[in-house]
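Undergrad: Dock chain B against chain A, hints included.
If you're matching them up, the sequences are chains A and B in order.
So in this note's numbering, spot 167 of the first sequence is number 167, and the numbers just go up one at a time.
So in this note's numbering, spot 25 of the second sequence is number 25, and the numbers just go up one at a time.
Some clues are possibly wrong.
Copies of the same chain look alike in the list, so a pair counts if it fits in one copy or across any two.
DSS-like cross-link-like pairs, simulated, lysine-lysine; straight-line CA separation at most 30 Å [said to hold, decoys possible]:
(1) Lys194 with Lys237
(2) Lys205 with Lys5
(3) Lys111 with Lys5
(4) Lys5 with Lys284
(5) Lys296 with Lys30
(6) Lys111 with Lys30
(7) Lys5 with Lys315
(8) Lys315 with Lys111
(9) Lys15 with Lys111
(10) Lys111 with Lys311
(11) Lys315 with Lys30
(12) Lys296 with Lys5
(13) Lys15 with Lys284
(14) Lys111 with Lys284
(15) Lys30 with Lys284
No wet-lab data here; the hints were simulated from the structure.
Bear in mind that the values here come from a model prediction, so they are computed numbers and not experimental data.
There are 2 protein chains.
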Amino acid sequence: MTTDKILLDHGGGGKMSHRLISEMVAPLFKTPHLEGMNDGAVFDAGGRRIAFSTDSYTVDPIRFPGGDIGELAVNGTVNDIAMCGGEPAFLSLGLIIEEGFPLSDLEDILKSIARSAERAGVSIVTGDTKVVPNGAADKIYINTSGVGWVPDHVFLDARNARAGDLIILSGSIADHGMTVLTLREGLTFSSSLKSDTAPLNHMVKRLLSSVGGVHVLRDPTRGGLGTALNEIALQSKVGVEINEADIPVRPEAAGACELLGFDPLYVANEGKLIAFVSPDDADKALQAVRNDEFGKSAAVIGRVVSERPGKVYMKTTIGGTRIVDMLAGEQLPRIC
Amino acid sequence: MTTDKILLDHGGGGKMSHRLISEMVAPLFKTPHLEGMNDGAVFDAGGRRIAFSTDSYTVDPIRFPGGDIGELAVNGTVNDIAMCGGEPAFLSLGLIIEEGFPLSDLEDILKSIARSAERAGVSIVTGDTKVVPNGAADKIYINTSGVGWVPDHVFLDARNARAGDLIILSGSIADHGMTVLTLREGLTFSSSLKSDTAPLNHMVKRLLSSVGGVHVLRDPTRGGLGTALNEIALQSKVGVEINEADIPVRPEAAGACELLGFDPLYVANEGKLIAFVSPDDADKALQAVRNDEFGKSAAVIGRVVSERPGKVYMKTTIGGTRIVDMLAGEQLPRIC
Numbered sequence: 001m002t003t004d005k006i007l008l009d010h011g012g013g014g015k016m017s018h019r020l021i022s023e024m025v026a027p028l029f030k031t032p033h034l035e036g037m038n039d040g041a042v043f044d045a046g047g048r049r050i051a052f053s054t055d056s057y058t059v060d061p062i063r064f065p066g067g068d069i070g071e072l073a074v075n076g077t078v079n080d081i082a083m084c085g086g087e088p089a090f091l092s093l094g095l096i097i098e099e100g101f102p103l104s105d106l107e108d109i110l111k112s113i114a115r116s117a118e119r120a121g122v123s124i125v126t127g128d129t130k131v132v133p134n135g136a137a138d139k140i141y142i143n144t145s146g147v148g149w150v151p152d153h154v155f156l157d158a159r160n161a162r163a164g165d166l167i168i169l170s171g172s173i174a175d176h177g178m179t180v181l182t183l184r185e186g187l188t189f190s191s192s193l194k195s196d197t198a199p200l201n202h203m204v205k206r207l208l209s210s211v212g213g214v215h216v217l218r219d220p221t222r223g224g225l226g227t228a229l230n231e232i233a234l235q236s237k238v239g240v241e242i243n244e245a246d247i248p249v250r251p252e253a254a255g256a257c258e259l260l261g262f263d264p265l266y267v268a269n270e271g272k273l274i275a276f277v278s279p280d281d282a283d284k285a286l287q288a289v290r291n292d293e294f295g296k297s298a299a300v301i302g303r304v305v306s307e308r309p310g311k312v313y314m315k316t317t318i319g320g321t322r323i324v325d326m327l328a329g330e331q332l333p334r335i336c
Numbered sequence: 001m002t003t004d005k006i007l008l009d010h011g012g013g014g015k016m017s018h019r020l021i022s023e024m025v026a027p028l029f030k031t032p033h034l035e036g037m038n039d040g041a042v043f044d045a046g047g048r049r050i051a052f053s054t055d056s057y058t059v060d061p062i063r064f065p066g067g068d069i070g071e072l073a074v075n076g077t078v079n080d081i082a083m084c085g086g087e088p089a090f091l092s093l094g095l096i097i098e099e100g101f102p103l104s105d106l107e108d109i110l111k112s113i114a115r116s117a118e119r120a121g122v123s124i125v126t127g128d129t130k131v132v133p134n135g136a137a138d139k140i141y142i143n144t145s146g147v148g149w150v151p152d153h154v155f156l157d158a159r160n161a162r163a164g165d166l167i168i169l170s171g172s173i174a175d176h177g178m179t180v181l182t183l184r185e186g187l188t189f190s191s192s193l194k195s196d197t198a199p200l201n202h203m204v205k206r207l208l209s210s211v212g213g214v215h216v217l218r219d220p221t222r223g224g225l226g227t228a229l230n231e232i233a234l235q236s237k238v239g240v241e242i243n244e245a246d247i248p249v250r251p252e253a254a255g256a257c258e259l260l261g262f263d264p265l266y267v268a269n270e271g272k273l274i275a276f277v278s279p280d281d282a283d284k285a286l287q288a289v290r291n292d293e294f295g296k297s298a299a300v301i302g303r304v305v306s307e308r309p310g311k312v313y314m315k316t317t318i319g320g321t322r323i324v325d326m327l328a329g330e331q332l333p334r335i336c
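Chain A on its own, in the form it takes in the complex:
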């Protein structure tokens, strides 16, 4: 580490996060579950495999077009379990609340959590509430952890991508991040920019039950699509090639990115997935994703190659090729 203090970058989901985890955390907790750097752990429970994941949510502001911190907290952990191939069933809810937070706001968030859990088909079964003095937190932070069942035929791992796989993206990128950022900065676009937060477990279930050749699933949250692809390229020791023209970006999000100088490839998403699928199964897989309400604009955005392992290249719309690195710094603190 080239710094002796925690920086915002350490939580940004990019290079600094990756180094913190791989250099300081992983060596201390050397378990096979952490080595794959997946969104959660999968372990055996008497013949049945269980997926287990955790996430804390510190988003600022706590309400935004398209959702709130409660919905984000449910969908985020539901999605992490789904990305491990698990069918999420039970969630825990850990609240850290700042003294003075309005009870009516808490009730709104809890109702949002209840609605989101119902939509995803999961139950909140256990919880914990801590209150910290005024000034020791900003409004409310939420941790959700979750447990789900992994079907017998499903084996997903960030190390499983192989040359020839096609890469499916379930829809447009950068919607969540640009929504929160523009709101926070007080920018008022008279646009329909809104967060894409959504539960992806139903989409994943449909996908995994219709084709067998799905090797990796990942939801490109903090760090965005660019970082997620890099992680998989590194873990699977393969090269990744994507086509800029095939990556859906809604005009509102593209406009906000351009105006503010952000690259949509690194902006957080909260309701999108990427799937690495055998070429033979890609058509059926794309159809399965498109059949889900949150996957209507899914597209094949690239493929896996054996050359240049660990690297991601993008064919740009103007005909060039550029390397897509992991997010280097922190674009947006407290985005989720």
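TA: Coordinates of chain B only, in the frame set by chain A:
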């Protein structure tokens, strides 16, 4: 609710916490798991029962005689799973870190977590790190969630206490709370006051494998012994009678309580349990607890009666009887 804002009392583990959960949270997440108000949920996974629990730790200061926030976070969730009768196996780790927190302090805490997990015999299998800007948290907050297996013959529930049961307390009370409080207030006792934080899963395993008549287990953390007994009396619809003379309090803790005007019955413990046991099994149960390194000074402190359901009475050392209510307010914010 008689207030429209979150107060420190809502997180104190006493009456206000109880009302917040029972009036606002439980009605929204109506699941059988939450109704028992146990330390965690127990559910079925294809013939095998799983215990699942979560806790966030916000203790101030993060280091104290006898432990630190990392050790507390591991032991706390290990103990919550054990109190459900589960044998904890896997933990998740969610960090919320304040920007500027020294990396060396983070490393110390992570090492403490690794040591504590090893001692308890659990693996940290998944995690998440968020960094919030300077001033949006106080140093570091830690969530741990955990999963454990419940043996087939074990059925513990806060609703299971029955008249005649004897109540075993595994050791002295008030050590953790008074340690943190005196340290925080800058009081320097030249004493050996230190936190009792400890993993209780090995003790519980020994206890549950040696006797069958254990009906309820609970670790009296926030809200202390007095509140834990009230919760069980309420949930089981029984009366509880305890004897002040039989409750171990170490002289250092008793002295600090007296000096500062605290009642040890309401001070948090982090390495103690109470067990409600059939009278026929109580001798063997007490012996099993005493055989554990953290249960050497265990004692029978009272019994369950059918009269005055929901109430806790204590015979005092001076020969009177007084009612022991739930903790009414917040004695100590950020005690765990």
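Undergrad: If a hint holds in the structure, say so; if it does not, say that too.
TA: Status of each hint after checking the structure:
Taking the shortest alpha-carbon separations for Lys194 and Lys237, neither the intra-copy value of 35 Å nor the inter-copy value of 50 Å comes in at or below 30 Å. Taking the closest pair of Cα atoms, Lys205 and Lys5 never come within 30 Å of each other, the shortest separation being 42 Å inside a single copy and 41 Å across copies. Taking CA atoms no more than 30 Å apart as the test, Lys111 paired with Lys5 passes between copies only; the shortest distance there is 17 Å, against 38 Å inside one copy. In this assembly of identical chains, the alpha carbons of Lys5 and Lys284 never lie at most 30 Å apart, being 48 Å within a copy and 52 Å across copies at closest.
For the identical chains of this complex, Lys296 and Lys30 are neighbours neither inside a copy (40 Å) nor across copies (33 Å), given an alpha-carbon limit of 30 Å. Taking the shortest alpha-carbon separations for Lys111 and Lys30, only the inter-copy value of 12 Å comes in at or below 30 Å, while the best intra-copy value is 38 Å. Taking the shortest alpha-carbon separations for Lys5 and Lys315, neither the intra-copy value of 38 Å nor the inter-copy value of 53 Å comes in at or below 30 Å. Within a single copy, Lys315 and Lys111 get their C-alpha atoms no closer than 44 Å, and across copies no closer than 44 Å, so neither meets the 30 Å cut-off.
In this assembly of identical chains, Lys15 and Lys111 lie within 30 Å of each other by CA distance solely across copies; the values are 23 Å between and 36 Å within a copy. With identical chains, the CA atoms of Lys111 and Lys311 are never at most 30 Å apart, being 43 Å at best within one copy and 33 Å at best between copies. In this assembly of identical chains, Lys315 and Lys30 lie within 30 Å of each other by CA distance neither inside one copy nor across copies; the values are 38 Å within and 51 Å between. For the homomeric pair Lys296 and Lys5, neither the shortest alpha-carbon distance inside one copy (43 Å) nor that between copies (42 Å) is at most 30 Å.
For the identical chains of this complex, Lys15 and Lys284 are neighbours neither inside a copy (34 Å) nor across copies (56 Å), given an alpha-carbon limit of 30 Å. Proximity of Lys111 and Lys284 under a CA criterion of 30 Å is satisfied in neither setting, with 37 Å inside one chain copy and 47 Å between copies. For a Cα distance limit of 30 Å, the shortest separation of Lys30 from Lys284 qualifies neither inside one copy, at 38 Å, nor across copies, at 39 Å.
Hints 1, 2, 4, 5, 7, 8, 10, 11, 12, 13, 14, 15, counting from the list given before, are not met by this structure.
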